[in-house]
Amino acid sequence: MGSLYSDHPTWLHGLPAGLKLLVLALLGTGVFATQDLTVLFTCTGACVLTFASLGRATKPTQPLLIGLLITSVLIGLFHLYMQQPWLGVVSVLRLLCTTLMGLALTLTTRYTDLLAVLEWLLSPLRFFGAHPERLSLQVALMLRFTEHFFVVWRRLDDAHRLRTGKTGGFKILAPLTIHMLVAARRVADTLHVRFQR
Amino acid sequence: MNTSSLSIALVSLFAALIAVLGLIPKIDLPLGVPITMQTLGVMLAGCLLGPKRALQALALFLAAVAIGLPLLSGGRGGIGMFFAPTSGYLIGWPVGALVVGWIMHTLPSATPRTAAISAFIASVIGGLLVVHVFGVIGLVNIANLPWEKAIMGTLVFVPGDLIKCALCATVVHTIARGLPDWRFGG
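Residue numbers (my numbering), protein chains in the order written: chain A, 1 to 197; chain B, 1 to 186.
There may be inaccurate statements among the hints.
Said to hold, decoys possible - A few chain B residues that face chain A, going by a derived Cβ cut-off under 10 Å, partial list only:
#	residue
1	I8
2	L10
3	V11
Bear in mind the hints are in silico, worked out from the structure with no lab data behind them. Ideal placement from N, C-alpha and C gives every residue a C-beta, glycine not left out.
Kindly produce the complete structure, drawing on both the sequences and the hints.
Here is the structure:
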């Protein structure tokens, strides 16, 4: 399974993942804390420029950008209809600001780097008996099984189509879940043998 | 079987199931309301894993979305999804799964029939009510919609979600017959 990360190198690729996450967190908090249009327009302008500076790297996000534009227009029109244009502008600016920066972060940061930051952030939970280091293992397992179960789903769907001439749809959900639960027990046995825990 | 290994496997596999449900094309109701199957995954996680593991599975899934994996229906992903007007629904998923799991754990599930009835009740409360409450809070805070408009907007999805609750109960019924030793609600 591929992530939205872009291999096309940009200046943002060079910055540490933790710093980019910190900027995003501060920006996200900042734009929701203010209703000053000057501040919001300045932040949105900076975000649009930052995003545009990524050039060709932004290509994979085109469908998401179209969705963002449609949502922004709908929110704007709704507030216009409610005779609250100012509130509409504030909402749209906040949305553009945070979503563009979120996309910029996703495009320019490998998910393994973000995972490392996430594990670091979760490390204090060790004092409460949690195991943040398991996150990488669990994400890897999840990705492996996403592909596996999609194949199983297609197989069950094909079998159902052969039997009935129709696609399986929701009818194959129960057999898929049973397949999955049985697989979970096998994987648990394997993990137990491998890690002795 | 070791419970720690089983937890790792179940949490990862349910996060994978929710991802797979996002890969399956959405179904449009005659009124044009789309049904994506990922909220069904939230209900199933609660019913089959119990509160703690269901919460972990949804947290893992959302962490994977946040780090940029395109696991939401329509191939969406990235931390930007948590700033969108519908992000309230996303944040409501783990809480909804926790509530579904807790109710399923509390209600009887000795026979396939009682398990299915319990699953339906748990899904309606946790998977529908709780998720929609979070969704409405998100719409009000991020899209600045008035409460009544946000509630009206979310009500459109309720018929589709009730179908998912019934589907969840059907799946639980089938699993109760197919895997009689499975402990619903953890």
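Quick check on B/L10 please, does its C-beta sit within 10 Å of some C-beta on chain A? holds, 5 Å
Close enough to count: is the Cβ of B/I8 nearer than 10 Å to one in chain A? holds, 6 Å
For the hint on B/V11, does the least C-beta distance to chain A fall short of 10 Å? holds, 6 Å
This entry satisfies every hint, going by the numbered hints stated previously.
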